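Residue numbers (numbering that gives the first Met the number 0), protein chains in the order written: chain B, 0 to 171; chain D, 0 to 171; chain C, 0 to 171.
It is worth saying that the hints were derived from the structure and are not from the lab. Hints may contain errors.
Treat identical chains as interchangeable: a pair holds within one or across any two.
Below, a list of computed lysine to aspartate or glutamate pairs in the EDC-like style, where the Cα atoms sit at most 20 Å apart [stated by the list, open to error]:
#1 152 x 38
#2 76 x 47
#3 55 x 125
#4 152 x 39
#5 55 x 126
#6 55 x 27
#7 152 x 106
#8 76 x 46
#9 55 x 153
#10 84 x 38
#11 152 x 46
As the structure is a computational prediction, the values presented were derived from the model and not from experiment.
Now for the letters of each chain:
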Amino acid sequence: MLGETVEPVVDRTVLRELRFEIEEFNAEYAAVLDAGRLEEWPSFFTEDALYVITAKENADAGLPVGLVYSEGMGMLKDRAFAIAKTAMFAPRYLRHYVTNARVLGVDSDGVIAAEANYMVLQTLVDEPTTIHQAGCYRDRFVRRPDSRGLLLKERRCVYDSLLIDNSLAFPV
Amino acid sequence: MLGETVEPVVDRTVLRELRFEIEEFNAEYAAVLDAGRLEEWPSFFTEDALYVITAKENADAGLPVGLVYSEGMGMLKDRAFAIAKTAMFAPRYLRHYVTNARVLGVDSDGVIAAEANYMVLQTLVDEPTTIHQAGCYRDRFVRRPDSRGLLLKERRCVYDSLLIDNSLAFPV
Amino acid sequence: MLGETVEPVVDRTVLRELRFEIEEFNAEYAAVLDAGRLEEWPSFFTEDALYVITAKENADAGLPVGLVYSEGMGMLKDRAFAIAKTAMFAPRYLRHYVTNARVLGVDSDGVIAAEANYMVLQTLVDEPTTIHQAGCYRDRFVRRPDSRGLLLKERRCVYDSLLIDNSLAFPV
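Chain B with its partners taken away, still in its complex shape (with noise of 0.2 Å):
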């Protein structure tokens, strides 16, 4: 049940460390979300990384395309600027749960092959709280250069909500 491009570890006490490690990042990740903290968005990332949206109908087709693509921390940065600014004018409560973390296995160059489940739910003013995504984050993460936590080489968020709505453009 590896994915087909990376080096299986086949250590488990390593692969759970890193699951534990990994579990611990997303639940910072999702905390600076959840709090709107969005100009923090980018410290999660190296500085060459891929950020990509896109739907599960476009990545199982190995298609490129997606929502959103956010190449390098020039862009990543672009981006929370960006949405820090509309968000002001669009008051939305997101909360983040992250679930189902798995560790698929660790390439010759120490990068980590992830993924997880998120699920997005929203609330806006006076109105109940929905799911706004659901899917499955598909990940590439590297030991940062100081040896403590890690950083997100690749996020690609991988939705199954087909209904794009219009504040979709945030990061997930």
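Keeping the supplied structure of chain B fixed, place chains D and C upon it in accordance with the hints.
Same frame as chain B, now just chains D and C:
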């Protein structure tokens, strides 16, 4: 807060290790179903496994009836095959979120009693994502003959949802 | 990303062990509520505990007001008793999903600050399952006098959902 029929294991370290193992099992199990790889689904069970989907109302009343009742590998494989065929005609995405894993105890035969809450979200073409099923796994795990990993000897999917839609027969 | 008022503990191993302990606490807590065993609910708190359910809007504004405000074991027991009686007249299933547990720090008195996202799904007879409440636990834990496990000294359930239905006074 232990189940009535299981001998408690007092060693918290052992219980915690089992929880981690079960979390990893459930994440793999969910990933297989989320990917629609139904032919792999029976491989999570023992040859004599019991797999049941039943309403909480019935489970609480001790009724054996359920929406789905499969006993033994033959019935599990039949079910997987039948649904794989059905699924072609009713395209949908299902996504499983498994949380709150708890190990209740280990009996003298080494059978592990455990529970976890599950939620299955469903996305049909051009429709918003909805809550398909919410409930609790009531499980009995045994260790594989080769000691590598666990197998389900029994999984009772006890759902709260009282409205049954036509796709409920999908494994959860 | 630590809270403002707590001293950070730098040892990651200690924080991770606390996370595991809190995850197990929250899973037991949720199981008691999911099973409707309201009389056991106060046993998760200290004698002087504070239990609050409040809107994110109010919490962010630093307002002490909330939908529910219980201080001390007497009020917790009164609440549990009152709701257990009410519940007989309004049958419903509630199911708690607790994810994204984070330990923020431990202060010099050993009080552990932690957060987790929660979602409560509700199923009424003959109705589809709906999102009843989505929010964040803002907790302060202490160790039990006998050192076995944790107790809540403070649990603030800060919800995003702005529409309040008649059952919101159920503990979450």
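- Query: Is it within, between, both or neither when you check residue 76 against residue 47 at 20 Å Cα-Cα?
  - Reply: within (12 Å within a copy, 46 Å between copies)
- Item | Intra- versus inter-copy proximity for residue 38 and residue 84 (alpha-carbon distance at most 20 Å) | within (11 Å within a copy, 48 Å between copies)
- Task: Please work out whether the CA atoms of residue 55 and residue 125 approach to 20 Å or closer within one copy, between two copies, in both situations, or in neither?
- Result: between (31 Å within a copy, 13 Å between copies)
- Query: How would you label the pair residue 152, residue 38 (within, between, both, or neither) given a Cα cut-off of 20 Å?
  - Reply: within (18 Å within a copy, 33 Å between copies)
- Message: Reference check for the pair residue 152 and residue 106, CA-CA at most 20 Å: within, between, both, or neither?
- Response: Classified as within: same-chain Cα gap 13 Å, cross-chain 34 Å, threshold 20 Å.
- Message: When Cα atoms must be at most 20 Å apart, do residue 55 and residue 153 count as within-copy, between-copy, both, or neither?
- Response: Classified as within: same-chain Cα gap 17 Å, cross-chain 32 Å, threshold 20 Å.
- Message: With identical chains, the pair residue 152 and residue 46 could be close in the same copy or across copies; at 20 Å between alpha carbons, which is it: within, between, both, or neither?
- Response: The answer is within: 8 Å in one copy meets 20 Å, while 42 Å across copies does not.
- Checking residue 55 and residue 27: alpha-carbon separation at most 20 Å within a copy, between copies, both or neither? between (25 Å within a copy, 19 Å between copies)
- Should residue 55 paired with residue 126 be assigned to within, between, both, or neither, using CA atoms and 20 Å as the limit? Result: close only across copies, 14 Å inter versus 28 Å intra.
- Should residue 76 paired with residue 46 be assigned to within, between, both, or neither, using CA atoms and 20 Å as the limit? So residue 76 and residue 46 pass the 20 Å test inside one copy only (11 Å; across, 48 Å).
- For the identical chains here, do residue 152 and residue 39 meet the 20 Å Cα criterion within one copy, between copies, both, or neither? This pair counts as within: shortest intra-copy Cα distance 16 Å, inter-copy 31 Å.
Violation of the numbered hints given earlier is absent; every hint is satisfied by the structure.
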